[in-house]
Amino acid sequence: MNDVREILRRHRVERRMTQARLGRAIKVSASLIAAIEQGRAVPRPETAAQLDKFFGLGDEIQRAAEVARDDARPPWLRSWTENEERATMLRWWEPLLLPGLLQTEQYARAVLRGGWLPDDVVERAIQVRRDRQATTIDRPSPPRISAVIGEFALMSGPPEVRREQVKHLLNLSERAEVRVQVVPRSAGLHAGLQGAFVLATLPGSRRAGYVDDQLRGRVVTDAGDLDQLDLSWEIVSGLALPVQPSRDLLQGVINDHD
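Just remember that our numbering sits 735 ahead of the position in the sequence shown, which is counted from 1.
If you anchor each label on the Cβ, the simulated ranges turn out as follows:
(1) Gln773 <-> Asp983: 42 to 52 Å
(2) Val978 <-> Arg744: 42 to 52 Å
(3) Val856 <-> Glu895: 21 to 31 Å
None of these hints come from the bench; they were simulated from the model.
For every residue, glycine included, the Cβ atom is placed at its ideal position computed from N, Cα and C.
Can you build the whole structure from these sequences, using the hints too?
In structure tokens form, the structure reads like this:
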């Protein structure tokens with residue numbers, strides 16, 4: 736199968752179209768067309784479908800885009816994203832950062848650039864995160880998401896990026912399927928400070944977990960390990976403020992930047 740970049744560029748050139756003209760034809764920006772052709776972005780499913788329809792290619796660009804999305808995900812992440820796509824519930828604990836599925840693009844970019852990563856690596860990671868969001872929180876029947884975060888996570892990052900991120904988090908918390916709670920700094924030392932994790936409830940009452948470190952993430956399926964993560968979840972969720980006080984805290988963070 737040809738690379739999605741090559742397919743798009745070849746058919747655009749054959750039509751003697753500029754990137755701007757093609758963008759106007761399918762109602763996307765010229766910069767997005769350029770990013771796809773340069774390998775900095777992979778077309779979203781709806782964009783790939785529009786391109787296939789415009790060029791009369793059946794599903795060629797859609798299939799190439801799907802391959803590109805898979806290639807962009809690190810091997811250790813692929814099995815977990817499959818769990819995210821099938822999950823009926825996700826329970827997410829983050830002591831220092833905000834959960835990836837709830838991050839704005841600007842916040843995610845600031846976090847990734849803080850790791851001194853090359854721009855092309857950052858952009859691929861951003862694309863993967865966008866795709867994960869599209870197939871979980873933005874899908875037609877999204878999973879229930881219970882996110883418990885440490886208060887410190889609300890205080891880190893460039894002020895304007897942080898403000899917009901917390902506004903986004905507050906807006907998401909108004910969805911029926913999303914619950915956000917904050918563990919205040921006054922909670923002191925507790926088991927959750929040992930690291931972030933996610934617990935997924937899958938069809939058939941099956942479970943899976945995910946833990947991260949400085950190098951890569953790890954999918955957890957051992958029953959004993961999952962029981963330990965369940966215990967850690969009980970600890971952090973028990974320390975968290977109730978939903979409305981958590982929202983009030985989020986609003987306070989936003990007000991402090993106004």
